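Peer 1: Residue-level listing of the chains:
Protein chains: 2
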Amino acid sequence: MALIVHKYGGTSMGSPERIRNVAKRVAKWARAGHQMVVVPSAMSGETNRLLGLAKELSPELSTPDLLRELDAIAATGEQVSSGLLAIALQAEGMASVSYAGWQVAIATDSAHTKARIQSIDDVRVRADLAVGKVVVITGFQGVDENGNITTLGRGGSDTSAVAVAAALKAHECLIYTDVDGVYTTDPRIVPEARRLSTISFEEMLELASLGAKVLQIRSVEFAGKYRVPLRVLSSFTPWDINIVEEATSGTLITFEEDEKMEQAVVSGIAFNRDEAKISLLGVPDKPGIAFQILGPVADANIDVDVIIQNVSHGGKTDFSFTVHRNDYARTVALLKAQVMPKTGDAQLTGDTKICKVSIVGIGMRSHVGVASRMFSTLSDEGINIQMITTSEIKTSVVIDEKYMELAVRALHKAFDLEQPAAA
Amino acid sequence: MALIVHKYGGTSMGSPERIRNVAKRVAKWARAGHQMVVVPSAMSGETNRLLGLAKELSPELSTPDLLRELDAIAATGEQVSSGLLAIALQAEGMASVSYAGWQVAIATDSAHTKARIQSIDDVRVRADLAVGKVVVITGFQGVDENGNITTLGRGGSDTSAVAVAAALKAHECLIYTDVDGVYTTDPRIVPEARRLSTISFEEMLELASLGAKVLQIRSVEFAGKYRVPLRVLSSFTPWDINIVEEATSGTLITFEEDEKMEQAVVSGIAFNRDEAKISLLGVPDKPGIAFQILGPVADANIDVDVIIQNVSHGGKTDFSFTVHRNDYARTVALLKAQVMPKTGDAQLTGDTKICKVSIVGIGMRSHVGVASRMFSTLSDEGINIQMITTSEIKTSVVIDEKYMELAVRALHKAFDLEQPAAA
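For the protein sequence lines, the chains are A and B, in the order given.
Each residue of the first sequence is one higher than the one before, starting from 1 at the first, in the numbering used here.
Each residue of the second sequence is one higher than the one before, starting from 1001 at the first, in the numbering used here.
Because the hints were derived from the structure by calculation, they are not lab data.
Since the structure is predicted, the reported quantities are computational estimates derived from the model, not experimental observations.
We treat Cβ as the ideally placed atom computed from N, Cα and C, and that holds for glycine.
Please note: incorrect hints may appear among the correct ones.
Unchecked claim - Partner residues aside, some chain A positions facing chain B, computed with beta carbon under 10 angstroms:
#1 Met-43
#2 Leu-50
#3 Leu-61
#4 Leu-66
#5 Ala-88
#6 Arg-330
Let the hints inform the model, and build the full structure from the sequences given.
Peer 2: What follows is the structure in structure tokens.
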């Protein structure tokens, strides 16, 4: 008998019929002797419906007071789905109770629409589990120290589930979603892409942030911080699938670097075509230049991803970075207005037709030549590399977006990802 | 400057456009110098949508655990409408904040789906009012001592508004609804029916309970208990109507029996065709017979309205009562199975084609002959009276339902209700 946390996304909770199936699945786990906590998202479409109503009344939802109201509105989606799931569980003969974030309580800071969990009170939940109840806890939301409802941002239910699992020291947190695990890359691009049965927390972090959008990035950080074993698995298997088979399906995100993992140098290939590249060529190479360029960008709340500054020559250097493609025009205008008047005769160039491709693998730490194999593979395909950044467990390149699929397929093959890692 | 509570029903909150109009109306009051608290219902249709989802999962929502979940689900409707109204107010330039019942807190007992308000903490609301904020408080809901969300039952938002007004000692509680006040009777039946500019709390109580469904009966009781001046007025007037005209429109429910009220012997005529009559003829006239008959009916959760037991003759008496027409068949079956085996050779008769017509007026206390004028009026129209009950301020008769309109029109005329009460 173990304490298990299940998390179900909006699609799994999308109708009374689907909620009934979730209830049957959870009941199966409970009847197998597990203490069960379930964290559901809002029914699919509900959060957008609610935000749509709010936006009809105030297109710009920007002030803290408006965001506070937005959170109170948006949080109802999970309150409804949680109540419905508790009812469905009771209809299946399972004692069950649902709690909104403030009832647990899940304490957060006051950053409305993007709050961070600070602590979770486990007293009430443990008391219910002790008497055999299945506890349903709303995802996505908490309460700040002044009793205001907060939400954690899109995908926040993943983070809620992991945080609850951490607070309860759960044996495992199972994230039921519409994919059946984490793949070496997107199967829509590489049909030979293979599901990973395990992946390290750090690799998952890189893959998630790079665009393999299986889990909210913060939930992975949280899992890493509190060492919560996390499993991503499909919610589309029949609810009455054998529980042992179910419990070992999907992809387990672990914290132990076992021998097997050492063998796989590269675990996956991520890509992202939402970015745009901006370069300032020939800026003075002096202390503070990076801040001088990126300070105004940060002040405008524009996220910067890749940042590259190369060695200087003749007291000048080239400074390049990428932003989300939607922020490209705004960033260029901002640089021209606020930065370039102070950078002498620097020239601005930009390109929105780029993409970023990354290889990720914890084995890169101890294997030399991984990056160079990446570069040679791209070279063999005639793909020009525009920017390179590296970290301990990933190497990313920026290339022309028209070569993205070609690059991903070539790299997938070059690193033998269609084969299971040697045992 | 006064503290004013506004309550808006689901129709008034039915769309973003309507919510915007409510916000404009409230902003007008606030700009006129009033401290404003607003209690909205859920957007029309929302509560039924939520209950429908729950019923798909469990057709019988009967146990306390199920009702607890139902309350958590249903309460979200008001949380959404309140948040939207606060956003709309801010879009109108008014500082505003919304609170769910538990945030105020509105403390209730634990009777899920029909909870009763026990106390309201006014600290948070007063602090917001003091700094010029319009405070929006969810109707229909509260929180019990264990932190569970409760709801007050259908129409509970009226009660929430009155309770909030009582707790804040508001100058007046204005209930905006889809009628423009309380009428002497239903204008669909008597075109000459007249809107009452004032009505006493006790008369309103009788009229509300008798079928003039303008306000939830419990809200009127609450207003009476805490002496909250209550005004029923139309939400369909343009929001920019002159505020003095608006503040004196509709019907004011008062607690002062001024001279003017004394003059109107009868204030209104109520009617109800949802009832059915059941008689047990020739039951033994002995102590406990009423309980013996009605005990099983009450145990089956069947509401009984009129109850009549006349003097006995020969040790036998006739016992009659009315129930909701939907409960008629069940009640008859229950009497046959559980009661009649113990009441000797009593005979059961019943009639579903009846109606109840009542005259209500605080002036009946001090005017003799009011009831007899009612009876003679009905007699003049050839209408046979089947049952009569009287209280201090009302007289009700049960008659054949086919005469209902005729009776109401004749009584309306007989008591000069089409004329304003003499000043």
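Peer 1: Against which earlier hints does the structure fall short, listed by number upward?
Peer 2: 6
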